[in-house]
Amino acid sequence: MLISPSPGPGGGFLLFRHFGPMPKLILGALAILVLALISLFIGVSDVTPMSLFSSSPDDRPMQVLLISRVPRTLALILSGSALAVVGLLMQMLARNRFVEPGTAGTVESAVFGILVITIFWPGSPLIAKMLAATVTALMGTALFMQILRRIPLRSTLMVPLVGIMLGGVISSITAFFAYRYDLLQTLGTWTLGDFSGVLRGRYELLWVSAGLVGLAWLAADRFTVAGLGQDFTTNLGLNYRRVLTLGLTIVSMVTAVVVVSVGSIPFLGLIVPNLVSMAVGDNARRAIPWIVLMGAGFVLVCDIVGRVIRFPYEIPIGTVFGVIGSMLFLYLLLRRRPANG
Amino acid sequence: MADIRAQSIPAISPRQVLIILAALAVVSIIAFMVIGAKGSWSFILPFRGTKVWSMAMIGTAIAIATVLFQTITANRILTPSIMGFDALFALVRTVQVFFLGGLSYAMLPDQLQFTYETAVMVGLSTLLFRWLFGRAARDLYLLVLVGIVFGVLFRSLGGLMQRLINPNDFAVLQDSLFASFNTTDQTLLGISTLAIAGVCIWVWRLLPALDVLNLGRDTAINLGINYNRTVAQVLVIVAILVSVSTALVGPVTFFGLLVANLSYLVIRSHKHILILPASVLISIITLVGGQVVLERVFGYDTALAIIIEFVGGVVFIAMLLRGGRT
Numbered sequence: 001m002l003i004s005p006s007p008g009p010g011g012g013f014l015l016f017r018h019f020g021p022m023p024k025l026i027l028g029a030l031a032i033l034v035l036a037l038i039s040l041f042i043g044v045s046d047v048t049p050m051s052l053f054s055s056s057p058d059d060r061p062m063q064v065l066l067i068s069r070v071p072r073t074l075a076l077i078l079s080g081s082a083l084a085v086v087g088l089l090m091q092m093l094a095r096n097r098f099v100e101p102g103t104a105g106t107v108e109s110a111v112f113g114i115l116v117i118t119i120f121w122p123g124s125p126l127i128a129k130m131l132a133a134t135v136t137a138l139m140g141t142a143l144f145m146q147i148l149r150r151i152p153l154r155s156t157l158m159v160p161l162v163g164i165m166l167g168g169v170i171s172s173i174t175a176f177f178a179y180r181y182d183l184l185q186t187l188g189t190w191t192l193g194d195f196s197g198v199l200r201g202r203y204e205l206l207w208v209s210a211g212l213v214g215l216a217w218l219a220a221d222r223f224t225v226a227g228l229g230q231d232f233t234t235n236l237g238l239n240y241r242r243v244l245t246l247g248l249t250i251v252s253m254v255t256a257v258v259v260v261s262v263g264s265i266p267f268l269g270l271i272v273p274n275l276v277s278m279a280v281g282d283n284a285r286r287a288i289p290w291i292v293l294m295g296a297g298f299v300l301v302c303d304i305v306g307r308v309i310r311f312p313y314e315i316p317i318g319t320v321f322g323v324i325g326s327m328l329f330l331y332l333l334l335r336r337r338p339a340n341g
Numbered sequence: 001m002a003d004i005r006a007q008s009i010p011a012i013s014p015r016q017v018l019i020i021l022a023a024l025a026v027v028s029i030i031a032f033m034v035i036g037a038k039g040s041w042s043f044i045l046p047f048r049g050t051k052v053w054s055m056a057m058i059g060t061a062i063a064i065a066t067v068l069f070q071t072i073t074a075n076r077i078l079t080p081s082i083m084g085f086d087a088l089f090a091l092v093r094t095v096q097v098f099f100l101g102g103l104s105y106a107m108l109p110d111q112l113q114f115t116y117e118t119a120v121m122v123g124l125s126t127l128l129f130r131w132l133f134g135r136a137a138r139d140l141y142l143l144v145l146v147g148i149v150f151g152v153l154f155r156s157l158g159g160l161m162q163r164l165i166n167p168n169d170f171a172v173l174q175d176s177l178f179a180s181f182n183t184t185d186q187t188l189l190g191i192s193t194l195a196i197a198g199v200c201i202w203v204w205r206l207l208p209a210l211d212v213l214n215l216g217r218d219t220a221i222n223l224g225i226n227y228n229r230t231v232a233q234v235l236v237i238v239a240i241l242v243s244v245s246t247a248l249v250g251p252v253t254f255f256g257l258l259v260a261n262l263s264y265l266v267i268r269s270h271k272h273i274l275i276l277p278a279s280v281l282i283s284i285i286t287l288v289g290g291q292v293v294l295e296r297v298f299g300y301d302t303a304l305a306i307i308i309e310f311v312g313g314v315v316f317i318a319m320l321l322r323g324g325r326t
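Keeping their order, the protein sequence lines are chains A and B.
Numbering-wise, our numbering puts 48 at position 48 of the first sequence, and it's gapless, one number per residue.
Numbering-wise, our numbering puts 325 at position 325 of the second sequence, and it's gapless, one number per residue.
Bound conformation, chain A alone (with noise of 0.2 Å):
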């Protein structure tokens, strides 16, 4: 699709053996540059580069381009390589490839804080709803891996098992108290990705995403050790506890911010980064540049599938993503298992 990187050091494809990563990756941003850009001049609106050169900066195109499609098209790029990135992490942390904040309950603890944040001060500004999302997300969090250390031989399946009840049991909460202050249908702009809304003024927050993915990249060795264990890890001298924090901290604000800018996009976090370590290997910090591509190569395509399908309405990219990225979950889970006769 997007990024042809080559499966081992003698296959790959023709046309790109001869060049190294760097020139794959360039082509890689190439690609994600022109999905931005035909991101940009899709809509109802009359947006195009000739409309934009035969108008004034004051007209209505410019206006258009800026306020709205510009922020949309970042917020679609941030949110979808910082999920990928964050679903990465996640992996590395709990040692387990199909954990994902969205399978381990962080997303819906997230939904969580901000409906309390909702209720108790209503018409508070993104900033607070956004911290309120982390504390929770954290909590859940923790909560998970508290549960992962319970059990004791460990099924790969079973932890990702876990952590959707786990998330099931949270939002049947949140649904609780929702239902009691009339928020359910609040409630429904938070749990599906939606990226119609964003607005300039509206989207901002995303970078701090953009940071802690820039974080978890020069950290990332130390989280590739401290997912070889405890024990290994205190022995190659890092403090386990310490690194395990900033990793769950990362992981938990990043999926509060993108959860109150635009929505949570299911699996999205899963899906990236089993697709990279297919093609490139378990390097976390040569895979990263690679996520970060493809999380929002991702997110733009199916944005704008969302926007084409049914001009000049709009389909969220929860809905667009939760078919794609289901399917691809199935694939994930159930290749290289042959039919059990």
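Errors might be hidden in some of the hints.
Stated by the list, open to error - Rough simulated footprint, nothing fancy, chain A against chain B, three-plus residues with beta-carbon under 8 Å:
| no. | region |
| --- | --- |
| 1 | 158–165 |
| 2 | 308–317 |
To be verified - Here are some of the chain A residues that sit facing chain B, going by a computed Cβ distance under 7 Å:
| no. | residue |
| --- | --- |
| 3 | 155 |
| 4 | 158 |
| 5 | 161 |
| 6 | 162 |
| 7 | 168 |
| 8 | 176 |
| 9 | 304 |
| 10 | 308 |
| 11 | 310 |
| 12 | 315 |
| 13 | 319 |
| 14 | 322 |
| 15 | 323 |
| 16 | 326 |
| 17 | 333 |
Keep in mind that the hints were calculated from the coordinates and are not lab data.
All figures in this text were calculated on a predicted structure; none of them were measured in a lab.
Even glycine gets a Cβ: it sits at the ideal position worked out from N, Cα and C.
Please build the complex by placing chain B on the supplied structure of chain A, with the hints as guidance.
Quick look at chain B alone, frame taken from chain A:
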């Protein structure tokens, strides 16, 4: 078989348990009819009577479907709704509105629609089941996870199609897909009752074979059961029951799991002739009694579904951590 505990404590036989459950069910039904009743009985009786009746039908459908499904899959953690069957029925319904359009959908007689949808559902769920259990046969966790993800897929596909149809059609559909035990779809009550009655007779004739299935596939074949035929029949029954309950109330994930496991717990026998009635009675007690307690005592109304999801989720996690197969 009498174990040591049963000898030391004066044992309650499964039959006595059934009698107690039946009494509790009657008490909760009477409580639902009587408590807080103001006004003329000629209004209250039919009004509340229909509600109780539909709750009883939903409870029966979910309980029997879950117990039978657990018998053919030989474990106590899988249920039709966890495997995504509910979501599949909702999708079948959406697809129908999608291709027919809301108006012609609303003009078709409900009973006809329902029969047709159930037929489609029987076919699709049998296919899904065969495919899943053929591929993932022995890995329980894989099965559950795949089932859950299929549920997400069906729901998202449904969501996508709902966005693609026009808003008027969507309104027709939305009515029929939202879960609440209190405001069930009354028009389908008659045909649902018929379907459930028919299924009960069918299950009655299958009872001996079902008990043998509990011994495992190989033993069952050895004892002269036509295994594939019996499983196929049970699948058809489960699909019909899931259609009935989803059409009446909408998707409820964990209710069946709770009810089935509670009845294994109180009955302590593997005979379906004891377990099936027990699970039906327990689900009636839970639905009707729970509704009474919530509605009349605490003054909440439709939150019962949410509470069941909460308790069910906790129980499910506990069962997963314990290993699932016990």
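Structure-based check of each hint:
Only residues whose C-beta sits within less than 8 Å of a C-beta in chain A count toward coverage, and the region 158–165 of chain B has 4 of them, enough to reach three; the restraint holds. Counting residues of the region 308–317 of chain B whose CB lies closer than 8 Å to any CB of chain A gives 6, so the stated coverage by that chain holds, three being the minimum. A least Cβ separation of about 5 Å between residue 155 of chain A and chain B falls short of the 7 Å threshold, and the interface hint therefore holds. Because the beta carbon of residue 158 of chain A sits about 5 Å from the nearest beta carbon in chain B, less than 7 Å, this interface hint is met.
Because the closest C-beta pair between residue 161 of chain A and chain B is about 5 Å apart, less than 7 Å, the hint holds. Taking 7 Å as the C-beta cut-off, the interface hint given for residue 162 of chain A holds, the closest approach to chain B being about 6 Å. Hint status for residue 168 of chain A relative to chain B: holds, with the closest Cβ pair at about 5 Å, below 7 Å. Interface restraint check for residue 176 of chain A: the shortest CB-CB distance to chain B comes to about 5 Å, inside 7 Å, so the restraint holds.
For residue 304 of chain A, the interface hint is violated, the least distance from its beta-carbon to any beta-carbon of chain B being 15 Å, above 7 Å. Proximity of residue 308 of chain A to chain B is violated relative to the hint, the smallest CB-CB distance being about 12 Å (cut-off 7 Å). For residue 310 of chain A, the shortest C-beta to C-beta distance to chain B is roughly 6 Å, which falls under 7 Å, so the interface hint holds. Because the closest C-beta pair between residue 315 of chain A and chain B is about 5 Å apart, less than 7 Å, the hint holds.
Interface hint at residue 319 of chain A: satisfied, since its Cβ lies 4 Å from the closest Cβ of chain B, which is below the 7 Å cut-off. Residue-level restraint check for residue 322 of chain A holds (minimum Cβ-Cβ distance to chain B is 3 Å; threshold 7 Å). Evaluation of the residue 323 of chain A hint against chain B yields a held restraint, the C-beta minimum of about 5 Å falling below 7 Å. With a cut of 7 Å, the hint placing residue 326 of chain A at the interface with chain B holds, because the nearest CB-to-CB distance is about 4 Å.
Proximity of residue 333 of chain A to chain B holds as hinted, the smallest CB-CB distance being about 6 Å (cut-off 7 Å).
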